[in-house]
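A.B. asks: Given only the sequences and the hints, what does the whole structure look like? Please build it.
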Amino acid sequence: MKKIFNIFIIVFLISFQLKSFAGEKNYHKELITDWSRIFPDKNRNAAGPKFFKYIIDKKITYKDFVEFNKLYCAVSGSLIDPNSDSEFLFIKESKTSKKICGNYYRCCVPCSCDLMKYSEAQKMKHKFEDGFKEFYVLTIKNPCSKKDFPNRVNKDYFCNGEKINKSEVYSLNDRIVIGLLHNGKNCAKDEIDFVKSHQVTGRYCELRNNTPLENLDAGMGDIFIKLAR
Amino acid sequence: MFIKKIKNFYKYSILFLLIILTNDARAEFFEDLSKIIENNEKRLSYGISVTDFNMDGNNEFLVTGFGFPNLALSFQDGKLKNINQQKIFSDISKKTIGVAACDIDKDGFEEIYFLNTDTYSGVKKYSDRLLDIKDNNYFDLFELEKNKENLNLTAGRSVVCVDRKGDGEYGIYVANYGGPTRFYEIENELIKDKAENLNLDNITGGRSVVSGHILTERADIFAANERGANFLFKNNNGNFDDVAFDYRLDDAIQNGRGTALSDIYYRGRLDILSGNWLGYHRAWVLKNNEFIDIGNKDFDEPSRIRTIISADFDNDGFDEVFMNNIAEPNKLFRIKDNGKFEQINFKVGLEANGYGTGAAVADIDNDGILELLVSRGESKAQTLTLYKAKVDKESKYLRIKPLNKYGAPARGATVTLITNQRKHSKTIDAGSGYLCQMEPVAHYGIRKKEKNFKVEIRWTNGSKEMIDIKKLNQTIIVRQK
Chain B
18 MKKIFNIFII VFLISFQLKS FAGEKNYHKE LITDWSRIFP DKNRNAAGPK
68 FFKYIIDKKI TYKDFVEFNK LYCAVSGSLI DPNSDSEFLF IKESKTSKKI
118 CGNYYRCCVP CSCDLMKYSE AQKMKHKFED GFKEFYVLTI KNPCSKKDFP
168 NRVNKDYFCN GEKINKSEVY SLNDRIVIGL LHNGKNCAKD EIDFVKSHQV
218 TGRYCELRNN TPLENLDAGM GDIFIKLAR
Chain V
308 MFIKKIKNFY KYSILFLLII LTNDARAEFF EDLSKIIENN EKRLSYGISV
358 TDFNMDGNNE FLVTGFGFPN LALSFQDGKL KNINQQKIFS DISKKTIGVA
408 ACDIDKDGFE EIYFLNTDTY SGVKKYSDRL LDIKDNNYFD LFELEKNKEN
458 LNLTAGRSVV CVDRKGDGEY GIYVANYGGP TRFYEIENEL IKDKAENLNL
508 DNITGGRSVV SGHILTERAD IFAANERGAN FLFKNNNGNF DDVAFDYRLD
558 DAIQNGRGTA LSDIYYRGRL DILSGNWLGY HRAWVLKNNE FIDIGNKDFD
608 EPSRIRTIIS ADFDNDGFDE VFMNNIAEPN KLFRIKDNGK FEQINFKVGL
658 EANGYGTGAA VADIDNDGIL ELLVSRGESK AQTLTLYKAK VDKESKYLRI
708 KPLNKYGAPA RGATVTLITN QRKHSKTIDA GSGYLCQMEP VAHYGIRKKE
758 KNFKVEIRWT NGSKEMIDIK KLNQTIIVRQ K
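Residue numbers (the working numbering), protein chains in the order written: chain B, 18 to 246; chain V, 308 to 788.
These aren't lab readings, by the way, just hints derived from the structure by calculation. All values reported here derive from a predicted model rather than from experimental measurement. Keep in mind that the hints are not guaranteed to be accurate.
To be verified - Below, a list of computed lysine to aspartate or glutamate pairs in the EDC-like style, where the Cα atoms sit at most 20 Å apart:
hint, chain 1, residue 1, chain 2, residue 2
1, V, 455, V, 496
2, V, 604, B, 84
3, B, 46, V, 605
Said to hold, decoys possible - Short, incomplete list of chain V residues facing chain B, as computed with Cβ under 7 Å:
hint, residue
4, 554
5, 557
6, 559
7, 560
What the hints assert, rightly or not - Distance windows between CB atoms, simulated:
hint, chain 1, residue 1, chain 2, residue 2, range
8, V, 773, B, 57, 51 to 61 Å
9, V, 430, B, 210, 30 to 40 Å
10, V, 756, B, 146, 40 to 50 Å
11, B, 200, V, 534, 51 to 61 Å
12, B, 54, V, 504, 26 to 36 Å
13, V, 504, B, 246, 49 to 59 Å
14, B, 75, V, 701, 43 to 53 Å
15, B, 146, V, 596, 20 to 30 Å
Even glycine gets a Cβ: it sits at the ideal position worked out from N, Cα and C.
C.D. replies: What follows is the structure in structure tokens.
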């Protein structure tokens with residue numbers, strides 16, 4: 018009898034738990050709802066920094082911040098389906114030139130390569146609703162003085178003259194933050210070997226990153242590269 | 308001791324089974340009445356409208372056919388029979404998907420707009436039809452020589468009737484796909500497209516459209532679009548301004564489908580339900596000049612949505628939301644107080660393999676309970692299906708049918724039931740669901756212990772009229788003075 022009662026209690030608690038999950042935030046839906054606020058001119062080309070700025074300005078917890086940052090591609094600016102897998106890769110740290118390993122959520126394979134070649138990682142500290150947290154972000158250099166600024170990117174999103182437009186994008190040490198490097202940390206040797214031998218981050222990226230810009234026709238093509246190189 | 312335990316085990320097992328069985332029995336929300344549809348052959352059906360086709364005082368279901376005849380289904384002798392005998396109405400050579408009826412010429416009879424589409428997007432071959440009646444014979448206003456320069460030759464989806472000036476002279480908003488929206492009105496006995504003059508001639512992937520008292524005292528329009536932002540046209544003295552972005556209804560990167568006006572909070576105002584194709588469905592309520600989506604995870608779960616209907620099927624005083632998915636199980640929710648969406652488990656009407664394309668509600672047999680007719684087709688010919696909720700025998704209802712000063716259904720007017728428990732608004736449907744239009748009657752089930760019944764009619768010109776209700780279980784016809 019006692020056993021039956023216990024089973025009943027467990028089933029009840031599980032179903033209660035499931036109901037609690039049902040009330041959880043839907044990060045993807047929130048980004049979809051606010052998409053036209055983030056991109057008022059509907060141009061999201063290479064506009065990962067706009068997503069990052071929108072997210073960092075929210076009053077949210079660190080967990081919310083991490084979850085939101087899994088849902089857009091920092092390179093292309095496109096939304097990513099929830100539950101998509103991430104790519105394990107490394108990025109050069111601006112300050113030390115060390116390799117920082119971490120996970121990157123991307124819309125398509127070439128974006129991982131472009132990110133590895135043209136972005137740098139920086140450590141950032143920020144106060145969330147649940148306190149200060151430190152993490153690695155992905156950055157590109159200030160593109161605002163470029164003469165060949167890609168015309169398919171909304172320059173006003175990024176620049177105020179030759180300066181970074183801080184009301185539209187987040188900057189760190191005069192570099193634009195384009196996204197979050199998830200689980201960022203100094204790479205161990207076996208991790209570097211893993212990335213270098215991986216069919217995407219190794220072989221494919223080597224091929225892509227040695228292809229002349231004018232011959233690139235996958236991913237964002239040359240838009241992000243022109244912005245970030 | 309051991310035997311006692313065994314006995315207890317059996318006792319509790321039986322109790323557990325009883326609970327399961329009771330829940331299962333309760334799950335049968337609908338009864339399948341499809342067998343009463345005469346000659347119910349497999350076909351490609353789309354939009355459904357509810358109007359008085361033969362002017363006998365009762366409504367009929369008008370069901371469109373895509374390369375199949377358009378039908379006028381009337382309830383006669385316990386059967387749903389096609390009573391149309393006119394070729395121009397059945398129009399078998401056309402591919403009709405959208406339909407709406409309203410009185411565009413102020414004669415009290417509802418003209419019928421059939422949206423034909425023979426291509427997915429852009430320029431189409433065959434124009435739409437706008438059927439009027441003379442000496443019991445239907446004729447197409449667009450076929451008259453004088454109207455030929457204003458034909459709609461763009462692919463489209465839904466149509467809605469809009470009394471933009473509030474004077475009972477309806478116009479028809481045609482949600483086109485890949486070409487400008489059309490807005491037809493009669494002017495000097497000519498059919499004129501006034502979309503450009505009224506700021507409505509946007510080009511988008513038009514999908515569904517509703518009209519009613521959404522923001523103002525006049526007919527506003529909400530259009531859910533595909534591959535482009537939604538429109539919310541605020542009525543500004545008969546002209547329109549798109550305020551969807553300001554009110555946060557634009558949903559720019561989702562693909563709109565079925566939509567309906569619903570008083571989600573039972574607070575005496577119409578809010579918006581909107582389904583998105585494989586996207587998050589919305590239950591938008593107006594708060595501080597912005598629409599907030601309050602749908603829960605079960606409600607907003609992406610699906611292959613087509614029609615959305617908000618109606619009280621089981622006469623319990625709470626509206627249900629029927630979500631018709633194509634080649635996916637349908638869904639049903641009950642809107643409880645405070646905007647809580649409670650999912651209803653059901654089997655009859657689930658139609659997991661049904662290619663639902665449209666649906667409409669009407670009390671077609673005049674027994675005080677709504678019937679739900681579902682049209683199916685698209686990529687697979689299927690029969691029509693008809694459902695009715697299993698209703699508590701003690702349940703009561705009240706139906707309000709407002710007629711405008713020309714004697715036509717006052718589509719776009721708002722009826723509000725005011726009692727000790729709620730202030731519940733319903734639109735007199737001008738076009739909704741997806742490609743469809745519901746009966747022009749506000750149907751209310753009555754809640755337990757509900758009393759002090761009053762009804763307010765807000766006409767399409769914004770004027771209000773209050774009626775005391777002395778008796779339930781009746782349909783009250785209210786004529787605009």
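A.B. asks: The structure should be examined with respect to each hint, and the outcome stated for every one.
C.D. replies: Hints, one by one, checked against the model:
1. Note on residue 455 of chain V and residue 496 of chain V: the hinted pairing holds, with a Cα-Cα distance of about 13 Å set against a maximum of 20 Å.
2. Taking the CA atoms of residue 604 of chain V and residue 84 of chain B, the gap is about 17 Å. The hint holds against a cut of 20 Å.
3. With a CA separation close to 13 Å, the supplied pair residue 46 of chain B and residue 605 of chain V stays within the 20 Å bound.
4. Given hint, residue 554 of chain V at the interface with chain B, is violated; its Cβ is 12 Å from that chain's nearest Cβ, farther than 7 Å.
5. Against a cut-off of 7 Å between C-beta atoms, the interface hint on residue 557 of chain V holds, since the closest Cβ of chain B lies about 5 Å away.
6. Interface hint at residue 559 of chain V: satisfied, since its Cβ lies 4 Å from the closest Cβ of chain B, which is below the 7 Å cut-off.
7. Hint on residue 560 of chain V holds. Least Cβ distance to chain B is approximately 5 Å, under the 7 Å limit.
8. Separated by about 44 Å at the C-beta atoms, residue 773 of chain V and residue 57 of chain B break the suggested range of 51 to 61 Å.
9. Taking the beta carbon of each, residue 430 of chain V and residue 210 of chain B are about 59 Å apart, not inside 30 to 40 Å as hinted.
10. At roughly 44 Å, the beta-carbon separation of residue 756 of chain V and residue 146 of chain B lies within the given 40 to 50 Å, and the hint holds.
11. Hint check: residue 200 of chain B to residue 534 of chain V, Cβ distance near 36 Å, so the stated range 51 to 61 Å is violated.
12. Hint check: residue 54 of chain B to residue 504 of chain V, Cβ distance near 31 Å, so the stated range 26 to 36 Å holds.
13. Range check, residue 504 of chain V to residue 246 of chain B: about 51 Å between beta-carbon atoms, so the 49 to 59 Å window is met.
14. Separated by about 51 Å at the C-beta atoms, residue 75 of chain B and residue 701 of chain V satisfy the suggested range of 43 to 53 Å.
15. A hinted range of 20 to 30 Å holds for the C-beta pair residue 146 of chain B and residue 596 of chain V, which are about 27 Å apart.
Hint violations for this structure: numbers 4, 8, 9, 11, all remaining hints satisfied.
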